[in-house]
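Trainee: Take a look at the letters that make up each chain.
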Amino acid sequence: MNDSTLYFKEYFDQQQTGTTSVLNDHRQQAFAAFSQLGVPGVKHEEWKYTRINSLFNTQYRLQSADTLQAADINDLRLPAHEAANELVFINGRYVAALSTLRSKNLVLLPLNEAAEGEYAAIVDQHYGHSADYLRDGINALNTALSDGGIYLHIGKNTEIEHPVYIYHIVDARAEAVLAQPRSLVYLGQNAGVTIVETYHTIGNADSFTNQVFEVAVEKDARLEYYKIQNDVASANLVSTSHIRQTGASHVNTVTISLNGGIVRNNLNLVLEAPYCEGHLYGLYFQQGNSHVDNHTIVDNVAPNCLSYELYKGILDEQSTGVFNGKIFVRQPAQKTNAYQTNKNVLLSKTASVNTKPQLEIFADDVKCSHGCTVGQLDEEALFYLRSRGITQQAAQALLLQGFALDVLEKIKLAPIRAYVDSLIAGRLQFTQS
Amino acid sequence: MLNIQNLHAEIEGKKILKGLNLEIKPGEVHAIMGPNGAGKSTLASVLAGREHFDVTGGTVDFLGKDLLDLAPEERAGEGLFLAFQYPVEIPGLTTTNFIKTAVNQIRKYRGEEPLDAVAFLKMMKEKMAITNIDQSLLSRSLNEGFSGGEKKRNEVFQMAMLEPKLAILDETDSGLDIDAIRIVANGVNKLRSKDNAVLVVTHYQRLLDYIIPDFVHVLYDGRIVKSGPKELALELEEKGYDFIRNEVKVGQEA
Numbered sequence: 181m182n183d184s185t186l187y188f189k190e191y192f193d194q195q196q197t198g199t200t201s202v203l204n205d206h207r208q209q210a211f212a213a214f215s216q217l218g219v220p221g222v223k224h225e226e227w228k229y230t231r232i233n234s235l236f237n238t239q240y241r242l243q244s245a246d247t248l249q250a251a252d253i254n255d256l257r258l259p260a261h262e263a264a265n266e267l268v269f270i271n272g273r274y275v276a277a278l279s280t281l282r283s284k285n286l287v288l289l290p291l292n293e294a295a296e297g298e299y300a301a302i303v304d305q306h307y308g309h310s311a312d313y314l315r316d317g318i319n320a321l322n323t324a325l326s327d328g329g330i331y332l333h334i335g336k337n338t339e340i341e342h343p344v345y346i347y348h349i350v351d352a353r354a355e356a357v358l359a360q361p362r363s364l365v366y367l368g369q370n371a372g373v374t375i376v377e378t379y380h381t382i383g384n385a386d387s388f389t390n391q392v393f394e395v396a397v398e399k400d401a402r403l404e405y406y407k408i409q410n411d412v413a414s415a416n417l418v419s420t421s422h423i424r425q426t427g428a429s430h431v432n433t434v435t436i437s438l439n440g441g442i443v444r445n446n447l448n449l450v451l452e453a454p455y456c457e458g459h460l461y462g463l464y465f466q467q468g469n470s471h472v473d474n475h476t477i478v479d480n481v482a483p484n485c486l487s488y489e490l491y492k493g494i495l496d497e498q499s500t501g502v503f504n505g506k507i508f509v510r511q512p513a514q515k516t517n518a519y520q521t522n523k524n525v526l527l528s529k530t531a532s533v534n535t536k537p538q539l540e541i542f543a544d545d546v547k548c549s550h551g552c553t554v555g556q557l558d559e560e561a562l563f564y565l566r567s568r569g570i571t572q573q574a575a576q577a578l579l580l581q582g583f584a585l586d587v588l589e590k591i592k593l594a595p596i597r598a599y600v601d602s603l604i605a606g607r608l609q610f611t612q613s
Numbered sequence: 004m005l006n007i008q009n010l011h012a013e014i015e016g017k018k019i020l021k022g023l024n025l026e027i028k029p030g031e032v033h034a035i036m037g038p039n040g041a042g043k044s045t046l047a048s049v050l051a052g053r054e055h056f057d058v059t060g061g062t063v064d065f066l067g068k069d070l071l072d073l074a075p076e077e078r079a080g081e082g083l084f085l086a087f088q089y090p091v092e093i094p095g096l097t098t099t100n101f102i103k104t105a106v107n108q109i110r111k112y113r114g115e116e117p118l119d120a121v122a123f124l125k126m127m128k129e130k131m132a133i134t135n136i137d138q139s140l141l142s143r144s145l146n147e148g149f150s151g152g153e154k155k156r157n158e159v160f161q162m163a164m165l166e167p168k169l170a171i172l173d174e175t176d177s178g179l180d181i182d183a184i185r186i187v188a189n190g191v192n193k194l195r196s197k198d199n200a201v202l203v204v205t206h207y208q209r210l211l212d213y214i215i216p217d218f219v220h221v222l223y224d225g226r227i228v229k230s231g232p233k234e235l236a237l238e239l240e241e242k243g244y245d246f247i248r249n250e251v252k253v254g255q256e257a
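Protein chains in written order, with my numbering: chain E, 181 to 613; chain V, 4 to 257.
Looking at chain V on its own, in the form it has when it is part of the complex:
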């Protein structure tokens, strides 16, 4: 589904990603962990198409397409979704109107007819139930005055509505208490299927107690330096990132 080869990216001349490789297949959940500054959020941003980042090398294939050649809205049309670390507050635009526009623009991109009001409402109700989000929140201006937990739940609701093939969760647990993490994780888990995949980007292991990954990768200094099963996350939590630093150092010296 997603195949990243030797990806290099920089921002304002500063090299962040330095040859990153990653392959994700349908049905899989991958977690990327790493210390601050390793390039976790840069990876999420580059995949979603945020400007300001210059890709200086490598390829990203998403379902047979050159992802890096697509505009952000085209990536969404192809089935990519980024849950933001800091969802943006937009005054004067309700979540309902926003998500309706998004759903129908993606349908248009795929050559499908727009949903009529009845079909849209039915879909909304269904996804609201799955993600445990309240109608009153959706009638308000997008994210404006929302608590941290409400913002992240809204991200998962959007994910449910857009039914992406690959969802990237960028530090979704940041700023959330344990109850909020559980609600958000439950929503994500309900949306998992054998056809879609999830990439969880996180600093801490705790989110992975609820969204159980098939693979854990350690991102360090712009590259994935270690991959393993879900137990790797626990090992990292226990030993801290210093153990990775030491391993990398040893590797370079050898």
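Chain E extracted, bound-state conformation:
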């Protein structure tokens, strides 16, 4: 820890004396880890192309703020929110007063409470599991300082009819803010839910969200999980989602990154039981000086699992992108099927992308494939469209929409799909007639 992060210690000490919680043990260990590991620099292999040291030069507000009213966040609500469960986090803390729980069979508890009651065993089993995969100060910092996190419980044979919209809102009107939302989601046997997360900063001061979202998915359960990132350039984000498939289950994730400052997504899928199926899709479409880094890990622990991964990137102006896709196949994980593809289109000479597949295979009877491409828009395709009377701009838009389609069509929630389509059409300044 250096001078610029000393105030974390002060805040940590206050927290430890002010609360008694089972989670305090986790916090102590995590703070020790953060003190030892520090902020990952470019020498850290997993952070080579994403430099976040400079984000720690700012002194952030760590305390909660109850400055926002419902009226302040109405514009941020997602389409069809009238039929959704809406969970609102302000500066990293769940705010019940701004949230709406529509599904009666959805159990929501503060993490502190869940850690000690009926669900204590589940929390104990799954809370902090992501740290085994992300050995860096950033993950530890969330565990050390996060408060106001939630536990979501979807019981056995429970289908949550209304999607769960989670809004991560930072109020940076008065000062720079570090928000560290924390969630643990449990899908019991044969449970099903759709979760959509969005990120917004209000105000012009710097905002830095360091999120950890952990999920356990039991046998026959189904998780649809979408992330939509379209924040302002002063908003930086490290968003970690760690999904354990503890029984033969189905997980589909789509990560859409359209705007922001520095955005780092860690998405881990741990296939712990035979016959798990996991899908990881992503689209990043960047302008200005934005930077988006998608780090994914698919860990095949058990045999006969299938994972399918497709990430596509469009990079314009001076934007930079990173894709790092790790696939582990452990020795017992025979008959693994694991596919990974990353495709990128560079729209300017100053945009760039670093893409890296990493396969570590210890079983001998597996099917694994990976491929990545970086290129420009096809000149001949552009000419073909223009020769039919379509303007250069519209031709480019049609080609890019076509490029993005096989990721976008994986968003199965219609209003969210339409919303993302409209964001992209707006970016391209073109709507298909």
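All the pointers check out, no bait thrown in.
Pulled a few chain E residues facing chain V out of the computed Cβ check, cut under 10 angstroms: (1) 563; (2) 566; (3) 567; (4) 574; (5) 583.
Hints were generated in silico from the structure; no laboratory data involved. Don't be surprised by glycine CBs; every beta carbon is placed ideally from N, CA and C.
Assemble chain V onto chain E, guided by the hints.
Mentor: What follows is chain V alone, placed relative to chain E:
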């Protein structure tokens, strides 16, 4: 309609067209034949506005406008259509969405209102029947995984939808069997009228059995060296391009 005067064009410094003259009037069908490397596809590309080709001399007047001064999409707006030798595969864009965008962008260029959904569907049905193309093909990504014949039929379907004044068919018969050629040619013939014109660019005479030209021109070494009625195509087929080479040689020596 189209008047090409003394057209010179090159690619990467290599001279391809070396003073080409051609005039096409409404209602006419012209065929340009010639050996490989004569400049046939270059002519089609230059007329449609493909980049990479530098026009170094000459003029092209299309319906009173300087064609060479227009962007490819503006040429389409003015009524020019190029059926590609190698239609491009575009994943994620259906032919229907593509052609709807094209129709409405051309209408916008001409200052017309976009077609509404009902009018567009009616037009689609009509043109599908004329060009013998199936709905299922149009719902798929543009040309992706299409056979050679399907791609060329799709080109003729696009031509039918856009109703060009001048259609240029660039080696439309290449890679097609005789049945596919007949279907494609039938489509083109149904679209002919006294107001529009067709320029068929082809290496072989066989397409001209089905699209009967009013004039046949022989392109050789960047210029049209011989023009004649449709029988010229048969003569070329019979004698091969060597006879042109010899004629040109004799002409130059004389």
